[in-house]
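All chains, please: the whole structure from these sequences, using the hints.
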Amino acid sequence: MSTVVAPRTDEPRRALRALGALVALTVAGLALTTDAAVAAASARGVAVVGIGLALVKVRIVLTEFVGLRDLPRVRRWFDAWLVVVGVALVVMVVA
Amino acid sequence: MTTLLPPGRPTAREPRRTADSVEGGMWAFLLLDMTVFALFFGAYAWDLRSHRPAFTAEAASLSSVVGGVNTLVLLGSSYLVVRAVHAHRSGDVAGTRRALTGVLACAAVFVGLKCVEYVHAIESGHGLTSSPFFSYYFVLTGLHLFHVGIGSVLLLTWRRSLAHGRRPASERWAESAGAYWHMVDLLWLVIFTLLYVGSHR
Numbered sequence: 001m002s003t004v005v006a007p008r009t010d011e012p013r014r015a016l017r018a019l020g021a022l023v024a025l026t027v028a029g030l031a032l033t034t035d036a037a038v039a040a041a042s043a044r045g046v047a048v049v050g051i052g053l054a055l056v057k058v059r060i061v062l063t064e065f066v067g068l069r070d071l072p073r074v075r076r077w078f079d080a081w082l083v084v085v086g087v088a089l090v091v092m093v094v095a
Numbered sequence: 096m097t098t099l100l101p102p103g104r105p106t107a108r109e110p111r112r113t114a115d116s117v118e119g120g121m122w123a124f125l126l127l128d129m130t131v132f133a134l135f136f137g138a139y140a141w142d143l144r145s146h147r148p149a150f151t152a153e154a155a156s157l158s159s160v161v162g163g164v165n166t167l168v169l170l171g172s173s174y175l176v177v178r179a180v181h182a183h184r185s186g187d188v189a190g191t192r193r194a195l196t197g198v199l200a201c202a203a204v205f206v207g208l209k210c211v212e213y214v215h216a217i218e219s220g221h222g223l224t225s226s227p228f229f230s231y232y233f234v235l236t237g238l239h240l241f242h243v244g245i246g247s248v249l250l251l252t253w254r255r256s257l258a259h260g261r262r263p264a265s266e267r268w269a270e271s272a273g274a275y276w277h278m279v280d281l282l283w284l285v286i287f288t289l290l291y292v293g294s295h296r
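Taken in order, these protein sequences are the chains called S and G. Residue numbering for the first sequence follows this note's numbering, beginning at 1 and increasing consecutively. Residue numbering for the second sequence follows this note's numbering, beginning at 96 and increasing consecutively.
These are computed hints drawn from the structure, not numbers from a lab. Hints are not guaranteed to be accurate.
Computed spacing ranges between beta-carbons, pair by pair [said to hold, decoys possible]: (1) Ser42/S - Phe241/G: 48 to 54 Å; (2) Ala88/S - Arg255/G: 37 to 43 Å; (3) Glu218/G - Ser42/S: 31 to 37 Å; (4) Trp268/G - Val38/S: 44 to 50 Å; (5) Gly237/G - Gly45/S: 28 to 34 Å; (6) Val214/G - Trp77/S: 35 to 41 Å.
Glycine is no exception: its CB is placed at the ideal position from the N, C-alpha and C atoms.
Spelled out as C-alpha cells, the structure:
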C-alpha cells in the first residue's frame, strides 16, 4: 500500500502571500544600498542585515514554494544548510 | 492500494510522496549543488573581509537596481512555477502551459538583463581576471546563468510534453523540474545579497 499527499487547494493563495513577503524583503534589502542606510549603519552592519534578509527569503522559498513545510525530514537538511551557510557568512563578514 | 492523505500537517510517520513527488536523489542533488555554491559564497565573504575597500570600490560599478529587478523577476518566476505544478497536479493542461510560458518569459528577461550588465561591465574595462571582485562576479553569476539555462531547458521540455498528442511529463518529473527552478531562484537571492547589497559602500 502506498500513500500520496493530496494537492493542497490553498497552495496558490499561500504562494501569493509568500511572494508578497519576498518582494517586501527584497525592497528592504535594496533600501540598504541607499545613502541614508549607508550613513546610518556600518558597512559590516549593512552586510549582516542583508545576509539575514537573504536567509529569511531563502527559507520562505524552501517552505512555501518548494513545499518543504510538508516534508519535515527533507526540510531539516535544508535548514541545516541554511544555518551553516548563514553563520559562516556572518562570521566571515564580521570577524 | 493507494491511500489518499489529506493535505496539511504531516502525520507522525511522514507520508512518502511515492511516485508523485521529488525523489530523495533529487533532493540530494539540489543540496549538493547548493553546497558547491556555498563554498564560493564562503570564499567571497572571506575575501570581502580581507579586501573590503577594493571590493567596495569595484561593487559600486554594479547597478543594484538592475540586480533588484532581476531578483523580483526570478521571484515572480518561482511563484509561476508553483502555479504550474499545482495546475499540472490538477490536470489543467492549459493552466500549466500558461504558467510555464510566464516562467520562460521571466527567464528570458533575467538573461537579457544579465547580458546588458555583462556588456556594461566589459565595456567599462572589467573582465574575469581584471580584479578579485570581478573574478567572483563573473564566476558566480556565470555559474548561476548556466543553471538558469539548464532550468529553462527542463521547463521547456515539460511545456513541450503538454502539447497535443504527446505524453505529458509525470508529476514527479514536473515537481523535480520545479524544485530545480526554485533552487536557481534561492541561489540568486544569496548572490544578489553578497554582490549587490553586502559589498555596497
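Going through the hints against the structure:
{"no.": "1", "hint": "Ser42/S - Phe241/G: 48 to 54 Å", "verdict": "violated, 35 Å"}
{"no.": "2", "hint": "Ala88/S - Arg255/G: 37 to 43 Å", "verdict": "holds, 41 Å"}
{"no.": "3", "hint": "Glu218/G - Ser42/S: 31 to 37 Å", "verdict": "holds, 33 Å"}
{"no.": "4", "hint": "Trp268/G - Val38/S: 44 to 50 Å", "verdict": "holds, 46 Å"}
{"no.": "5", "hint": "Gly237/G - Gly45/S: 28 to 34 Å", "verdict": "holds, 30 Å"}
{"no.": "6", "hint": "Val214/G - Trp77/S: 35 to 41 Å", "verdict": "holds, 39 Å"}
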